[in-house]
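Visitor: Protein chains in written order, with the working numbering: chain E, 1 to 344; chain C, 1001 to 1369; chain X, 2001 to 2280; chain V, 3001 to 3301.
You may find that some hints are simply not true.
What the hints assert, rightly or not - Computed list of lysine-lysine pairs in DSBU-like fashion (alpha-carbon distance at most 35 angstroms, straight line): (1) C/K1216 <-> C/K1182; (2) C/K1135 <-> V/K3115; (3) V/K3087 <-> X/K2113; (4) C/K1112 <-> C/K1156; (5) C/K1073 <-> X/K2085.
Source of the hints: derived by calculation from the structure; they are not laboratory data. Owing to the predicted nature of the structure, the values given are computational and were not obtained by experimental measurement.
Listed here are the chains, written in short residue letters.
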Amino acid sequence: MKRMLTRLAGVASILLLTTQMASADGKLSLYNWGDYINPELIDAFSKEYKVDVTLDTYSTNEEMLARIQAGASGYDLVWPSVHMHDIMQKLGLLQAAHPNQMPGWENIDKAALRSHEDPQGDYCLPYAWGAVGILYNKKLIPDLKSWRQFFDYAKANPGKVTMLDDLRETLGVGLIMTGSSVNSRNPEEIEKAEAFIMQQKPNIGAFRYDVIPLVTSGDIAAGHYYVGGVLNVLQNPDLLGFVIPEEGATMYQEDVCLLEGAPNSENAELFMQFLMRPENAAKNSERLTNGVVNTAAVSLLPDNLKTNPSINPSPEVRAKLQIFEDLGKDLRVYTRAWDRIKTN
Amino acid sequence: MGFLQIASAHKAYQTPEGTLVRALDDITINVRSNEFLTLLGPSGCGKTTLLKTIAGFEDLDGGDLILEGRSLKAVPAHRRPFNTVFQNYALFPHMNVSQNIAYGLDVAGVKKAERDRRVGEALEMVGLAGYGGRKPSQLSGGQQQRVALARSLVLKPRVLLLDEPLSALDRKMRETMQIELKNLQNSVGITFIFVTHDQEEALAMSDRIAVLSHGKVQQLGSPNDVYDTPANEFVANFVGTSNLFSGRIVENDAARGLVTIETANGRRLIASGRDFANGSAVKMVLRPEHLRLVDTGEFEGAGTLEGQVKDVIFVGSVIHVHVDVGFGRTAIVHHHHDRAGIRNAIEAGANVRIAYSPSSAHLIAAERG
Amino acid sequence: MNRILSSFKIFPSVFNIYGFLFLAFLYMPLALIVLYSFNANPINIAVWTGFTFDWYRTIFGGAAVETTFDSAFSESPQRIFEVVKNSFLVAVSAATIATVIGTATAIALARYKFFGKRFYQTLLLLPILIPDIVLGIALLVFFVGVGFELGLLTIIIGHVTFLSSYVFVVVSARLAGMDTTLEQASADLGAGPFTTFRRVTLPQIMPGVVGGFLLAFIISLDDVVITYFIAGVGSQTLPLFILAMMRRGLRPQITALAVLILVFSFVVATVGLLLRNRKS
Amino acid sequence: MITGKTVQSRKTQALLLLLSPITILLGAFFLIPLGIMVVYSFLEPGLYGGVEWTWYPYNYGRIIGWPLNDYETFEPIYLSIFLSSLKIASLTVIFSLLICYPAAFWVSRMSERRKSFVLFLITLPFFANLLVRIYAWLLLLRPTGFINMALQSIGLVAQPLDMLFSSFAVIVGMVYIFTPFMFLPIYANVEKLDYSLVRASQDLGATPLQTFLRVILPLTLPGIAGGSIIVFIPALGNFIVPSFLGGSKVQMTGNLIERSFLQSRDWPFGAALALLIMASVVLVVMFQVVRSSRAQARGAA
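Input sequences plus hints: build the corresponding full structure.
Guide: Here you go:
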């Protein structure tokens, strides 16, 4: 028995050693959203540059920020949303990787340089963007176009729709429906948005992220979801649909940023260049079904992606999309409103 | 100077309820070489504590323990040349008999060949040759007892400590083991310190007995001393059965070596004794087997008592007769039933006369207070 | 209750039916997971489309054959291997250290009298008793405050903190049932404290020590809340991996992995049970 | 003489050696972290997480109504979330008790061989990954899930029941994951139950109900109390089950704490909430300690 324990301890120390040994040479640590990069790209990069890539994932910008601030200093690249990119740059958590001086920068859509802090792309590389709309089950709702329809359906079928468990996204819908900016700092406007969501709440089945299986199975008719859901729509076009509501919607964009103190900044820069190659950008977009920031990649996309109105919306629709900005201390007003919504 | 001196040993501890118990209260005993010393006393008298401090499982609060002039106070249990036979034997359940016996030798670094030889001898000695491969759980209580003995003796200790080792055995087995233990002690020539609460066991086996009560040595002496001339009332009562009569010396016949005691209600009893002056308060100890039920007039010059039979208890070899001798006292008489002459008289309610030889009466000074 | 008692004899079926339902309650969710791990539907495990072994195959790096499998829907075998390795590394290290510390503590509290013993007894129960979210954030705040880099090491430390208490409880129970005179006997026969521990105490409490180790191992392997707060770079463990995935809906591959881990746990638990039965 | 030490000082040395690892471990990684958390709960939240080193007792004001400043207003919702957490945790205890108590009797009356096999069966499911077990309930409880399908096919309900994303689902999930914590202490107690006492009660003329209430229940009460505490505490702080089975609509204090740390970047507020939970746990534990030591004192007297 004692021998068994000794042996286990031995195994443990060997494992510990091997993990440390692996970090000695050619490594790259990515900290990305879950399901937000095509795994084939990572494999291809590893093979091409003989670099050992590790990928950890997070679910919210705040979770990522908390961990980076909590001293998770071993990561090289992160994928913050634009407003978080601004925050992190202000907090000095990022270092300039100068993607704008790298080969392939010419492919990047300059309209995608949305950061206030980084208008020239000195720090981060725009990665992908998309709208947050509604994923729905066509057998239950044949044709969905607007938030109005979404909430009316919910009223008739309480519990059959979900919204995201994200305070800014869901309050954002409230702000859009009450005619305010999703970045409003006006407590009265936020209060109105809160009241709107509160009014809908009895009909909303849940606030959650894992809506794809529920919509597919018909447990839920429609769910507030990211454009990434189009991947499922394309695989199951008769059953699923995705729409950017007429009233407007929020949009997001993530940039790839190099962290201050990144242990493998050279590999990280190589990875940025790798992402800028049109064929790689296209391969990634196929998987993410997000808006493309690489103009050279568009022509490489399959037709059903190129023409998809959700992935590649018309200028009129684009005009109705709003992106989040950092609210500083005013975020607390949202937090309170969100706490009340979830409780009452 | 003794072989092992227990010099004014003190130890006290706190009970969970908060009272202070003096487990050892100034105990001094000079243990002789190769003797069989028994520590006898009721539970809680301190005998087990004393044994544990000798073994080294517990510290003394005060006093000392000296083996051949060397203090043992700073010597931990595993370095003392003493071994213990535990009440429950404490055989290692995960080892077989041989491994148990070999344990001490192994720990001491004795080579395997030598070890095997000595384990074999030890098994032979306790009559368990061939049992080496068994687990303790496969042995009877008596066999476990022998293994525990062998395990201790194989180390040739200077002193063997035995903590009520026979208490878990049935009566027959216990008697057999008493003889075996005594014989073993004679043949190995090791000092045995034996703890028991069973006075018969103590009397049967010991060279000397230390009677302990409340952390103090009440009497230290040979079995005969302890039984025939108990030092105090406690010893008289604890060792064997005693009839005790308290009174005051009223007559002192120095020529015949006889004294007369008058009890509180005026009854007069005689006893042999010289050490007490007239007027001193004493207790007279009469052993039940020294009392006889007699016909009137028999045994001139003997001490006598009259009374009425209360209970007659037949226990086999003798009859225990409880006689109400007045003044609230009951005398117990061990009556041999071959004395047919008076057998008919022994029934509850009968008036009887009790006689004793004055020399069998032992006087002790009445304790004050 | 005497009626209930006699019902054991007269209507044993009443209790047996209850027992059957109880076991069904325990096993229904597991059966479902096992079933769905063979579901061919690559996107949505909730909709049954057919039977496949593909998910098991892909865990080990094999290619899917039966399903319309798209590598985009699966995690790479390397990634799975990595999180599983992290989990096992944490579980083995944390359980080993916790076993040593917990056992030492159990011996100290069982065999020695000292001032402050009650304090220790209470303190040792606290890591088990406080909600794990409290411990998780306390550790997070602490590690950040003192500038400890979050990673596998912090996870191991965090796990050891509460696992030691579990081991302590299990080993203490075993020690309480052990005859203390055995240790005295060993000292009496000339063995020093260390020899006594190695040759007498340890063999006696071994079932408790192994049981404590296995319990700690399983708890560590399954811990999500504390790990969630104190994980750092490259230190994602399997439960965190599953948690992240569950936020988007469970993948069939994960159900297959869960079944494999269940089988593994089954083996560990069986070994533990056999050991216990053999010893007692 | 070899080292000149008494038994006692040797023991002290060994004791120090044995106790120092746990002392260092719990001191550094348990008591100090808890202490830091207490300190943090009185500091001002940093704008982007972390804390500002300013005395700021208003985090508590937000929860209990005092003290307050311009920025922090009293929000009764936090207390109501806490109360509903207490309610959900209590219901979890009650239901798992109702499920496990008869089961313990069922197992305790078995033959030894069967008993150890059934105990093994009962413990085994809890070796499966916790999250996967919770997810399984999501699959079971959803409108097109197994339970609804079964209910509909036997004609018990016409429309699928809305069981998922409700307090009910949260309680079912928690009862499921905490079953062994309730079962094992109760079983340990029931197994020791001396049935001759039950027969004695019967013999003395007690009705079945009286026997149960006055003999069986008091004798198994320690197991019930132990199991209840062991279930109540983790249930109170849980956030995983409500976030999956409650659809984030059923809030427990655990969810608030998690959100304070990982979403709304308000660490001090999260710390204050965590201490609220901690305080209630300490109260429950102290209550049990007092109760059991009183019972012990009574037993000793």
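Visitor: Give me the numbers of the hints this structure contradicts, sorted from smallest to largest.
Guide: 3 and 5
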